[in-house]
Structures are given as structure tokens and as C-alpha cells.
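Enquirer: Here are the chains, one letter per residue:
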Amino acid sequence: MLSQYLDSTMPSTIFEAGRQLRTGALTAAQLVQHTFARLRQHESTFHAFISHDEELATRTASELDDELARGVDRGPLHGIPVGVKDNIATTDFPTTFGSRVGRGNRPVEDAEVVRRLKAAGAIIVGKNNLHEFALGPTNANAEYGDVPNPWDLSRAPGGSSGGSAAAVAIGEVFVSLGTDSGGSVRIPAAMCGLVGLKPTHGRVSLRGLFGGAPSIDHIGPLSRSVGDAAVVYDAIAGHDPRDPESLVGSPPRAARDLGQSIDGVRVGVVADRSMGAVHEEVRAAVELAGRTLGRLGATMTPISLPGVDLGSHALVGIAYAEVAAVHGEWIRTRRPEYGSDVRRLIDLGQILSARHYLSAQRSRRHLQRCLDEALHGHDLLALPTVALTAGSRDGRLEPLEGDSGALALFTLIRFTGLFNMTGYPAISIPCGLDGRGLPIGLQLAGRPDSEPLLLRVAAAFEAQQRFAAPQLVQQRGAA
Amino acid sequence: MTEHSDVDRVRVLCEAAELPVSEPDLEALAPLYALISGGLDQLATVIQDGDTVPLRLALEQTSG
Numbered sequence: 000m001l002s003q004y005l006d007s008t009m010p011s012t013i014f015e016a017g018r019q020l021r022t023g024a025l026t027a028a029q030l031v032q033h034t035f036a037r038l039r040q041h042e043s044t045f046h047a048f049i050s051h052d053e054e055l056a057t058r059t060a061s062e063l064d065d066e067l068a069r070g071v072d073r074g075p076l077h078g079i080p081v082g083v084k085d086n087i088a089t090t091d092f093p094t095t096f097g098s099r100v101g102r103g104n105r106p107v108e109d110a111e112v113v114r115r116l117k118a119a120g121a122i123i124v125g126k127n128n129l130h131e132f133a134l135g136p137t138n139a140n141a142e143y144g145d146v147p148n149p150w151d152l153s154r155a156p157g158g159s160s161g162g163s164a165a166a167v168a169i170g171e172v173f174v175s176l177g178t179d180s181g182g183s184v185r186i187p188a189a190m191c192g193l194v195g196l197k198p199t200h201g202r203v204s205l206r207g208l209f210g211g212a213p214s215i216d217h218i219g220p221l222s223r224s225v226g227d228a229a230v231v232y233d234a235i236a237g238h239d240p241r242d243p244e245s246l247v248g249s250p251p252r253a254a255r256d257l258g259q260s261i262d263g264v265r266v267g268v269v270a271d272r273s274m275g276a277v278h279e280e281v282r283a284a285v286e287l288a289g290r291t292l293g294r295l296g297a298t299m300t301p302i303s304l305p306g307v308d309l310g311s312h313a314l315v316g317i318a319y320a321e322v323a324a325v326h327g328e329w330i331r332t333r334r335p336e337y338g339s340d341v342r343r344l345i346d347l348g349q350i351l352s353a354r355h356y357l358s359a360q361r362s363r364r365h366l367q368r369c370l371d372e373a374l375h376g377h378d379l380l381a382l383p384t385v386a387l388t389a390g391s392r393d394g395r396l397e398p399l400e401g402d403s404g405a406l407a408l409f410t411l412i413r414f415t416g417l418f419n420m421t422g423y424p425a426i427s428i429p430c431g432l433d434g435r436g437l438p439i440g441l442q443l444a445g446r447p448d449s450e451p452l453l454l455r456v457a458a459a460f461e462a463q464q465r466f467a468a469p470q471l472v473q474q475r476g477a478a
Numbered sequence: 000m001t002e003h004s005d006v007d008r009v010r011v012l013c014e015a016a017e018l019p020v021s022e023p024d025l026e027a028l029a030p031l032y033a034l035i036s037g038g039l040d041q042l043a044t045v046i047q048d049g050d051t052v053p054l055r056l057a058l059e060q061t062s063g
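These protein sequences, in sequence, are chains A and B.
Counting in numbering that gives the first Met the number 0, the first sequence runs from 0 upward without gaps.
Counting in numbering that gives the first Met the number 0, the second sequence runs from 0 upward without gaps.
By construction, these hints were calculated from the structure, which means they are not laboratory data.
Since no wrong hints were added, every one of them can be taken at face value.
Which chain B residues face chain A? A few, computed with CB under 8 Å, are given here:
(1) Val9
(2) Val20
(3) Leu28
(4) Tyr32
(5) Leu34
(6) Ser36
(7) Ile46
These numbers were taken from a predicted model, which means no experiment stands behind them.
Beta carbons: idealized from backbone N, C-alpha and C, even for Gly.
Sequences and hints are given; from them, build the entire structure.
Expert: This is the structure we're talking about:
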């Protein structure tokens, strides 16, 4: 159970840590010391980091403490220890992609998101483990160690950003940047009781991400609170002229809207089976979350979202075909270095036809039309993040009525992939526990650039719900 | 149970792509390929019926 890994001696949110940093009750150096004490304590179990550097983090913290003492304040992330998924380029650490193929790879330039995090004063303490090349949901990783779910070590944390999720859930870092091409931020967030934000496509630069499917790739934060996700989004979002996928213009600011009323916000709740099978406990939790939002002043309407069931095929068709193109040379010359599951997916991408790829790409307009119709008359949608709670570490999921024969991956991305295909923003927030005490995720999704609204509604829900991540419960109890 | 025809089809495709896929890998890849390609074929029908002018119609119009 997660509670045995928690530590209430340190602040659990960036907001609280920032307050203590600015009153002098705490220093960035102490936060870094705490981070590495926890790494020494827990990494043999969780393998949440592939690499880390205490000396560098301590030196950076000291410089940032000096800045604060001189009155130089870079903002909410000043002095905050963070992690970065190891498929995002960093000059201070190797970037392995979670694969033997990438062992020793040392980028010559930081990813744009890393540059922005550093400029905002965040302390990157290391690189988080992932499913090899972000191509799977279990985070079973023969090269760098399997990542278990902190809520139940016999279960997977969800993926592919599972190392990021575990590191945040057990308090090693406040936030970690993950990547999401079909749900890889939101799924582990849901399964580990965290907040996970997939921003509007193009608002956060992908330059320096080794993904391979840039039209569906996204970078976003996993955090323990909605407010923490908002401050990270504000730090990393913005136009990057060197990223062809980047949107021009300034993104809307998110953190400043938190705490405002959600009175009159129109929410369409998808708590039926129109998008496919969903576990009854998950469905009930989403329905209950809808009632909570209604009590907070939102106008709730039950809706269906039909016509998107083949979206998972389309997403996989795009992802594997594009990934296969990126790996074309490596998969031939370094084939034995790939894990068998990942090698199989890349092989699949190699033998899909251009006709298949074209069908998948053309489906995006159809999916967008379905989503726009569902959003008609609503400001945002509320739906499950995942149809089930965490499965076993070998990737097996609990049988789901009405879902026999489905690929486990399709079951996992059923509710998330649609927002990768359309590029619309979505956030997963904890909304309850199932009968075994495992977290359930509520997903909120909206139109492009609706991050401020998504985060505002998510924050209102977070403040009211009975369930919250244990660290937040502890903090509230102590307040 | 993997259909022999699926395995044979995938074997041909892998050979064409010059992929050195072992027999166990072929057995594992075949049902995955059948599932994904089948879904994408089905999707092509849905999209062509509802979303775009089919290519064949455009060709008929220009060739007529």
C-alpha cells in the first residue's frame, strides 16, 4: 500500500514547498537532500530512475538558494526537484529511451521542455524509467529494472511513463515530465492516483523527444496536485520555432485561474458504454464524480460518444508505422538489443501497408467530428481515463464484461487515444478507489487551448472530493 | 489459435520487408497483424463511406 512509502515531514505540493522556500523555513538544498534520501531508500524496489546525479542537483540547488537570498525569484518552480522521462533529451544525463539500444547516448542539446524547466528554476535530479521506447504499458524493463505500482507492488504502474508516476507517487520528486502518444501520461497517472496532463497538441514543444510519431506525441506533467500540473504547464508551454509541430502564438496561462468558481461550466459526462466496455466500479466512480461537479455548480449532462471505437486501431496504425520508420536502421543492425515485445510492434509497423496508414490518418477527421459533436453545447467532457484499474506486472488485465478478445493495449487506450488523435487537451485526476484499494482516474477533456478551464474544474473537484492521494490527505489533516 | 493463413501472410510480408523474424515471432506477430490490419480495413470503409470522396470516384470523373 502506498501509505508505507509516504513521508509527511516534507511538503507534498510545489505550492507548499515554494511557500516554505520563500519564508526561509526550507532550502532547495534540503529538498534535494530529501529527494536523494528517498532514492537511496526506495530505488531498489521501484527502479523509477534510470540515472540521477546528486552532486549536480546539490550544486544547482545551492545556486538557486543563493538567487532567492539575493531576491532573484524565477517563479513557482524555483528550487523544486523534478524528474524527466528518459526519452526526453538532456545534456546533463544520458538519454537511453529505456532501451539497451540507447545506453550511453548523450544528447548535445537539451529538449526545449528541459531548457524551459531549467530556466524556470526547476532542479532536474534525474531521468525516469519507462517502457522501452515508450512502446508499452507495463514498464517491465529487462535493461533498467521493472517499475511496480506503489499502491500494489504486484501490479503495473501503467505506462509508458511508469517511472515518472512511481517517482512522483512515492514522493521522490514533486513532478515528472512524461510523454503521451496514446495515454502514456494519463494512464499511469490514473493507475497511481496522480494528476496527469496531456496538453493541446503543439502547445508544448516536442523538440528533443525521441518519440517517432510526432502528430500524436505530447509531453506533459505527472504530479500529486492539479496546482502543480498547472505551474509546470505554464512553464513548458509556448511556441518553439524549431519544432514543426509547434503552434504559433502564446498559450493561455493556467495557474492563475485555479480557485475560480466553476459555476455554469457545462460538462458532458460519458458514463455509459458508448465508447466500449468499462468496469462497473470505474463507471460508478465517474458518475459520482459528475454529481460532485454538479454540486460545485457545473451543469452536468449525461451524453454518449459513439463512433470512435475504431480510433484505437487508427492510433496504433499511425504510431507503429511512424515508429517503424524511425527505427528502420536500428531494428536491422541492432535487432537483438530490442526487447521482444517492442521488436514485435516495430515489425508490425514495418509490414503495415501505405493503405493502412492512410486509412488511419484519414480517420482523424472523422474522430474530430465525433468529438466536436459530443462537445457541442458543452465546455468539456468527463469520462473515465482507463476502463480498469491497474493490471498485473506482466500486462494481464482483469477480464472485462463485453471486452472479450480485445487486445489489452486497446482496453487501456480506449478513453485516452481519442485525444491524441485529435490533439485536444485532457487531464486525468484521481476520483476514487476500487474494491481492492486501487486508484481510479477521471478524465476531463476539452477543446484546443482549454487547459485553464480543465485545470480549474479539476482543481475544484480535487478540493472537494473525499478521495485524494494519501500525501494530500496527510497534509490536509495536519493543516 | 492463429490461423495458418495469417502466419503465411505475415511471413510473406516480413520476407518482403527483409525482416529476420523467427518462427515464434511470426506466430506472435500474426494475430496482432490480423487484428490491426482488419480494424484499419474496416476503418477505411467507414471513412470512405462517410467522410471523403472515394478515390475511385474521382478517377472515374476525371477519366470520363
